[in-house]
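Participant: Sequence:
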Amino acid sequence: MKKIVSLRDVSFSYEQDLILDNINLEINEGDYLGIVGPNGSGKTTLLKLMLNILQPLKGKIELFGQDIQKFKDWHKIGYVAQKAVSFNLGFPATVEEVVAANLSTGLGLFKPLKKNHLEKIVKALQVVKMQDYRKRLIGNLSGGQQQRVFIARAIVNSPEIIFLDEPTMGIDLNSQTEFYELMEKLNKEMKITIVMISHDIGVITEKVNRLVCVGNKKVVVHDNNSKLPADEILTELYGEKMKILIHYH
1 MKKIVSLRDV SFSYEQDLIL DNINLEINEG DYLGIVGPNG SGKTTLLKLM
51 LNILQPLKGK IELFGQDIQK FKDWHKIGYV AQKAVSFNLG FPATVEEVVA
101 ANLSTGLGLF KPLKKNHLEK IVKALQVVKM QDYRKRLIGN LSGGQQQRVF
151 IARAIVNSPE IIFLDEPTMG IDLNSQTEFY ELMEKLNKEM KITIVMISHD
201 IGVITEKVNR LVCVGNKKVV VHDNNSKLPA DEILTELYGE KMKILIHYH
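Residue 26 in my numbering sits at position 26 of the sequence shown; the count goes up by one each step and never skips.
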């Protein structure tokens with residue numbers, strides 16, 4: 001099985017505050033991996049370490065078998081940041097321009113589009129069912145529609161893996177249902193590896209095939225989505241006795 005991300009003995013601190021301690025994690029091709037944990041436990045920090053936005057205090061991180069500091073094939077990776085749906089309503093960019101901004105460092109907002117660029121944009125928007133909104137201003141869309149645009153931006157380079165940070169935050173229940181259907185399509189049909197942070201443990205445990213629990217500076221990985229994390233593991237991670245209760249939207 002192809003290894004896409006590898007963390008070995010990784011630690012991270014903000015000044016003197018140790019957030020993650022000796023983390024070991026591997027993400028393989030085809031994984032649909034959820035990351036859960038209490039607020040402030042280090043979920044987003046873990047994601048940013050894997051994206052080289054943050055650098056570890058110690059340890060080694062590899063992407064596609066390469067040291068992350070030497071990795072250059074960033075077109076293989078898509079990223080949807082936290083609260084992407086809270087886009088500035090007055091920002092004068094169209095859906096097409098927002099997606100185009102991720103095509104390359106040489107093509108940003110408001111630049112003329114070449115034919116091959118436009119084809120990639122249309123294809124990405126078709127995947128998320130937003131092709132009819134190409135010329136709409138991003139700020140005039142609903143939260144769920146905006147999120148689809150940001151996912152299109154993340155997949156426009158045909159990545160092998162996408163990272164999403166709390167992607168269902170701020171969107172309604174219908175949009176959440178459509179979002180998870182889209183994630184399944186990306187993972188199963190388009191063979192894109194997915195790594196997603198979520199606060200909704202009950203839903204995410206039903207969707208993913210691997211679950212990473214972050215807490216008390218550690219991570220615990222569960223590889224079988226038919227078995228929820230044991231109560232004692234949750235207690236260790238969250239610092240109090242807990243059980244998972246599945247709820248359906």
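Hints may be right or wrong, so weigh each one.
Distance ranges between label pairs, derived from CB positions [said to hold, decoys possible]:
no.	residue 1	residue 2	range
1	G139	L113	40 to 50 Å
2	L173	V221	24 to 34 Å
3	S142	A101	17 to 27 Å
4	K72	L113	37 to 47 Å
5	L57	K115	20 to 30 Å
6	N140	K217	35 to 45 Å
7	K123	L18	21 to 31 Å
8	N22	K70	38 to 48 Å
9	D132	S158	18 to 28 Å
10	L118	G202	32 to 42 Å
Straight-line alpha carbon distances no greater than 30 Å define the calculated DSS-like cross-link-like pairs of lysine-lysine that follow [stated by the list, open to error]:
no.	residue 1	residue 2
11	K191	K129
12	K207	K185
13	K207	K70
14	K70	K48
15	K217	K2
16	K58	K3
17	K60	K2
18	K76	K185
19	K72	K48
20	K129	K70
21	K70	K60
22	K58	K188
23	K218	K207
24	K217	K129
Calculated directly from the structure, the hints in this document are not laboratory data. Where a beta carbon is used, it is the ideal one built from N, C-alpha and C, also for glycine.
Participant: Hint check: K207 vs K70, CA-CA at most 30 Å. Holds or violated?
Facilitator: violated (33 Å)
Participant: Given the hint that K217 pairs with K129, test it: the Cα-Cα distance must not exceed 30 Å.
Facilitator: Violated - the C-alpha atoms of K129 and K217 are around 39 Å apart, more than 30 Å.
Participant: CB of K123 to CB of L18, is that within 21 to 31 Å?
Facilitator: Hint violated: Cβ distance 44 Å, outside 21 to 31 Å.
Participant: Taking only the CA atoms, is the gap from K218 to K207 under or equal to 30 Å?
Facilitator: Holds, at about 23 Å.
Participant: When you check the alpha-carbon spacing of K191 and K129, does it fall within 30 Å?
Facilitator: Between K191 and K129 the Cα gap is close to 18 Å, so the pair holds against 30 Å.
Participant: Starting from the range 40 to 50 Å, see whether the pair G139 and L113 falls in it by beta-carbon distance.
Facilitator: violated (20 Å)
Participant: Does K217 pair with K2 here, judged by a C-alpha cut-off of 30 Å?
Facilitator: holds (27 Å)
Participant: CB of N22 to CB of K70, is that within 38 to 48 Å?
Facilitator: violated (23 Å)
Participant: Evaluate the given range 24 to 34 Å for the C-beta pair formed by L173 and V221.
Facilitator: holds (29 Å)
Participant: Take a quick look at whether K76 and K185 sit within 30 Å of each other, Cα to Cα.
Facilitator: holds (18 Å)
Participant: When you check the alpha-carbon spacing of K70 and K48, does it fall within 30 Å?
Facilitator: holds (16 Å)
Participant: Taking the CB of S142 and the CB of A101, does the distance hold inside 17 to 27 Å?
Facilitator: holds (21 Å)
Violated hints, listed in ascending order, are 1, 4, 5, 7, 8, 13, 20, 22 and 24; each of the other numbered hints is respected by the structure.
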